[in-house]
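Participant: Assemble the complex: chain A is given as a structure, and chain B must be docked to it using the hints.
Protein chains in written order, with the numbering used here: chain A, 1 to 344; chain B, 345 to 632.
The hints are simulated quantities; they were obtained by calculation from the structure and are not laboratory data. Every value quoted in this text rests on a predicted model; they were computed, and no experiment measured them. Just so it is clear, CB atoms sit at the ideal spot from N, CA and C, and this is done for glycine as well. Hints are not guaranteed to be accurate.
What the hints assert, rightly or not - Facing chain B, from chain A, some residues (calculated, C-beta under 8 angstroms):
(1) I138
(2) L141
(3) L300
(4) M304
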Amino acid sequence: MAVRRNMKFSLPRMQRGLTRWIIVLVVLALFPVIGIPHSWLLYIFLFFIYLAMANMWNLLAGYSGLIMLCPAAFIGLGGYTMTILTWPPFNMPVFVGVIAGGIVAALFAALISIPVFRLRGIYFAIGTLVVPEILRVIFLLWRPVGGALHGGGAGYMVKGVTGITMTEVYWFALVIGFISIFLMRYILRSKLGLGLAAIRDNDVSASSTGINIFNVKLTAFAIAAFVMGIAGCIFYIFQGYIEPSSAYGIRWLLTCLLATVIGGEGIEEGPILGTIVVVFLHFFLARYAGISLLIQGVILIIIMLFLPQGILGAIRGIRGPGLLSRLRLASRSSNPGTNEATED
Amino acid sequence: MGILTDLATPITMGILLGGLYVVIALGLSLVFGVVREMNVAHGDWVILGSYLTYAMMTGIGIDPILSLVIGIPVLFGLGFVIQKYVLNKAFKISIDATLIVCFGISLIIQNFAQIMWSPLSRGLTTPYALHSFDIGLVHIPLVYLLDFVIALAVMFVLRAFLKRTYLGKAITAASQDRGAAHLMGINTFQVYAFAFAIAMAMAAVAGVFLGLTFPFTPTSGMSFLIIALGVVVLGGLGSILGTFIGGMAFGLAQTLGGHFFGVTAQMLVAYVMVLIVLAVIPRGIFGR
Chain A
1 MAVRRNMKFS LPRMQRGLTR WIIVLVVLAL FPVIGIPHSW LLYIFLFFIY LAMANMWNLL
61 AGYSGLIMLC PAAFIGLGGY TMTILTWPPF NMPVFVGVIA GGIVAALFAA LISIPVFRLR
121 GIYFAIGTLV VPEILRVIFL LWRPVGGALH GGGAGYMVKG VTGITMTEVY WFALVIGFIS
181 IFLMRYILRS KLGLGLAAIR DNDVSASSTG INIFNVKLTA FAIAAFVMGI AGCIFYIFQG
241 YIEPSSAYGI RWLLTCLLAT VIGGEGIEEG PILGTIVVVF LHFFLARYAG ISLLIQGVIL
301 IIIMLFLPQG ILGAIRGIRG PGLLSRLRLA SRSSNPGTNE ATED
Chain B
345 MGILTDLATP ITMGILLGGL YVVIALGLSL VFGVVREMNV AHGDWVILGS YLTYAMMTGI
405 GIDPILSLVI GIPVLFGLGF VIQKYVLNKA FKISIDATLI VCFGISLIIQ NFAQIMWSPL
465 SRGLTTPYAL HSFDIGLVHI PLVYLLDFVI ALAVMFVLRA FLKRTYLGKA ITAASQDRGA
525 AHLMGINTFQ VYAFAFAIAM AMAAVAGVFL GLTFPFTPTS GMSFLIIALG VVVLGGLGSI
585 LGTFIGGMAF GLAQTLGGHF FGVTAQMLVA YVMVLIVLAV IPRGIFGR
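Here chain A stands alone, though its shape is the one from the complex (with noise of 0.2 angstroms):
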């Protein structure tokens, strides 16, 4: 139950598995020079916006128990900060703004740590539900920069998105996939990595052997937040308007869910294989835009049901950690009943 028996620690290897990375990320990012079909490009471009959402889900989620309902609070926050820098009186360049939304995301984050992470388990789930709710009535409501809007509701066009080509934004994408693929290498074999594990595990035995259970836990929510601000921002650049409904929709979180249970939950190229899988219905529910969160919520159902490790997870026949296993084990010592339920 320590630790998991595929995590390598040694700095050597992942090493070695870097530089298979690099070479992917520089055939990736070649790819626009060497004219592949727009859209592929937009294939792409959207797997890897999904990816760095997913694998920040699945750092908190599945690496550290922290069950964490509100994606779209921080891809929502980061884009409207981007689009609203973008307009009088900030009028900052696009660039500067994707970082600012990477930054009040954070920051946000660390905000909303306050209350959340008093909670545990499943009431830290509700906590978070509550907020992208929240962020949505104040966003309807609040107009930070005022006359030029679109619609009815607090709707924006980004600004200065026409100097950007699909190529920028394809290689921006790239850009935030490999960082939070990178991410989670090291987040998972350094001392944060061991400490989000050891929480999720037991925070009463973490905490007695030293961790500081609020400061690692925040660090990671922190971490995820800022890569999904930025991810946000891009996606944003790349639609060119952002309103509160959907930015702070359960799209997000459904496309996060999603890529990471399919792909297997705690597990590191889980949302990888996850995510091409969302990509793919995402393209392919198009043409049945009516029934598409149907079908998803049917999928999602069916996945948790008979595949509750995912697919990557089903493959290897990995039995530890898993969705929360803490929760499920204390369930298990205290509830003789639950004995005769074994998953494997």
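Facilitator: Okay, now just chain B, sitting in the frame of chain A:
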């Protein structure tokens, strides 16, 4: 004195509106307390209840409150089947598997309502839904009073059911100590299915009165879920009296919030209150 007379109407309306939140929250609290699963689809079940009533009202012209004769058994049966064949299976996997499955169910209900009844806002408009009367300085819409009366009725029926019947005692036993209940010969998974089904029956009742009180869309479920969560947490898990007080508190928060900050901000006041309650008293006033 002027402030008091100004506030008389929002305070009365808040307390009466609290009744609606009590009915929504009791179902959530029952599932949360007994099965220990966070039914994030509860708000959507309530809205589904509203839509079923809407369909019966516009389709065959049944009065919304009378339509409960059909609505309660339908949601009861659906709830029983879903808990027995889907959620019990997820429960055996892990607690957050149930959370994720409930999230999936929530998406399915929302999309289903959208396909069947379009994303437009609907309401259960009956002659009495618009009726209102004055008591002294206080102006009360009839449906708000109905919300309160039905909350009292549901509370007393639930209390009597949990205290007097075998199934009710089994549900209480399973919520207090699952293992011991199992050893006493209670089929806990069957009890869970009944608990969920009863919660769904209460969602049907809540759906009718929600539809009479507010207009609703397929995605309205989320805001009522959040308020119900606040009510359950504030009142304390498993306490009917606590849920009642919690409902009043959130009804008041909403109407007073609307009075002081405008109608558009009234939900914001209630949401922020949920966060504050979670952060300050996560075990609730009457929590065990």
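Participant: Where does the structure disagree with the numbered hints, that is, which hint numbers, in rising order?
Facilitator: none
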